[in-house]
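*Asks:* Could you build all of it, start to finish, from the sequences and the hints given here?
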Amino acid sequence: MGVYIKNNSFDQLLTELSRDYIITAPVKLPGKGAFSDTPLVTYREIRGAGEIEFNEKSRFSPKEIIYPITQTLFYFTENEYSRPAVPDQGIIIFCRACDVHAFRRLDEIFLRNGGCEDIYFAELRKKVKFFVMECRESFENCFCVSMGTNRLEDYDVMLRVSGDAQECDARGDFAGIFTGYGEAVEMIPRFVEENHTKVTVPENIDRQVFKHPLWEEYSSRCIACGHCTVSCPTCTCFTMQDIFYEDNPKCGERRRVWASCMIDGFTSMVGGHGFRNEKGDRMRFKVMHKIYDFRKRFGYNMCVGCGRCDDVCPEYISFANCINRVNTIASGVSAHE
Amino acid sequence: MNNAYLPFKAAITGVMPQTASDYTYRLATDLDVRPGQFMEVSIPGVGEAPISVSDFGSGWIEMTIRNVGRLTGVIHELKPGGHFFIRGPYGHGFPLEEFTGRDLIIAAGGTGLAPVKSILSRHCSGQGRLKSLTLLAGFKTPSDMLFKDEISAWREKIDVQITVDKIDENSSPWDGSTGLITGLITKVPVQNPGNTRVIIVGPPVMMKFSALEFLKRDIARENIWVSFERKMCCGLGKCGHCKIDDTYVCLEGPVFNYTRAEELID
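Residue numbers (this note's numbering), protein chains in the order written: chain V, 1 to 337; chain P, 1 to 266.
It cannot be assumed that every hint is accurate.
[Unchecked claim] Here are the computed lysine-lysine pairs in the DSSO-like style, where the Cα-Cα straight-line distance is at most 27 angstroms:
| no. | chain 1 | residue 1 | chain 2 | residue 2 |
| --- | --- | --- | --- | --- |
| 1 | V | Lys211 | P | Lys216 |
| 2 | P | Lys79 | P | Lys148 |
| 3 | V | Lys279 | P | Lys208 |
| 4 | P | Lys131 | P | Lys216 |
| 5 | P | Lys208 | V | Lys296 |
| 6 | P | Lys166 | P | Lys187 |
| 7 | P | Lys140 | P | Lys216 |
| 8 | P | Lys148 | P | Lys187 |
| 9 | P | Lys131 | P | Lys187 |
| 10 | P | Lys79 | P | Lys9 |
| 11 | V | Lys211 | P | Lys208 |
| 12 | P | Lys131 | P | Lys148 |
| 13 | V | Lys250 | P | Lys9 |
| 14 | V | Lys57 | V | Lys126 |
| 15 | P | Lys79 | V | Lys250 |
| 16 | V | Lys198 | V | Lys211 |
| 17 | V | Lys57 | V | Lys129 |
| 18 | V | Lys57 | V | Lys28 |
In case anyone wonders, no lab produced these hints; they're calculated from the structure.
*Replies:* What follows is the structure, given as structure tokens:
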């Protein structure tokens, strides 16, 4: 259902929706950027349409809205457990096409892998409605076209900034609500059809690629800061963490916190055993997960080509370049055989 | 919806010290466990860790826990009548059906003896359908030997060969062999390689070189099984710590056939 809604009406629409939904969107926070006097574009709950950053790519992905960096799994006292409350409202997420594809990857791990549904993820996930902001053109470092995540069928509302208005394609219950705030128009979603950055993901990756000297270069370059995995919309790893309250150590909580395969300690076990001490091996592990072994297990690539890892790397390591290098090597290896 | 992360309280009915730092805990529980599976063990406020089940019976399970970290340090303070929290069991255990009528050789390094103990105790008490069972075990020193009483009993029934890396001055008297477990593997009688099955459990380096020695003894790759130890925060295929390539050790392992294990590059 296409609707043309002026910005002030759109703001009123969000006010109406906020009765039943927590509305989250990328916002621009002045002075919070990685460099001095630069803004940070990141996700927050919003109060009005004016807060939404429509023109820039967010540095962090929307995954944290339903998979928080730190999430309490349960509170405990001596003999009892209780779960944190789950909000009654639905959750609206303003995001990009690639981000919606990324949620499908999160679903694969949290809802299906191992045949067990993660209750904490599942309860929030089923509340989510996607308000997808059209990308007028590709942002820097994006390679969604190569990854096939530029187009999207599955959304609740598609939005296009049109001067001082939004052209919307609203579906389901939203169609009726949106109609009341604007005039009917034809709105056919447009998607980015070309990126500056292009990658070719190799079909087959020989075991020899795992041992290729390519990875050693990353050992000297990567500083194991984990920015890439924190900004990635598809990274799901976490570590359990128990805390107790200082005033009463018999009460506390068990939490999970995001973990990164790039950071020291990811595989460490008591007694000193661990794996992938070299940062190059961690890079290999991460890259293979995103473009190879996730696909081997679930049938499609994990990486959605949002390019956030390349946006945030303080060492200017390019994941996109790495994929292309792996492709060159993989083709060479198979041609050699 | 079921919350798979919620542990349940399990009462400690017995604590059996094995060494200065390894204690076996018997817990009252009706869990249905297979040899080689593991539990997530926790104390709220301290932490949670994967620990393999060392033995089990009707109404109880046992876990042999080494005091090496914060959680296990607190567990070591616990006594019968106390409790800790568990969830599980997780993972696939050893494929016992593959061993029916076979000559089984178990090579265990250090605490690697714990996950296979239930196979040994079952066979030696007349249960199980193995043709024969041989235990090769290696420990750092004689004082690090686990399940001393059980081993004495097993010696009555099966061939048990034990080696230690070294004999230090604090060690109990030792008349067994010294040296690496691979030394035992080169000499262990293998009557019929085709009918022999092998389980190797221990530190990664020990498993790697033990497997190579068994291959030299004409044991086929597909007749060798190993058990992996990895950091695991969930046991459910979610936390990602134990993943190797497209394999989740908590789901598809921790027991792997060697043909698969040798392909896994961490």
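*Asks:* So which hints don't hold here, by number, going up?
*Replies:* none
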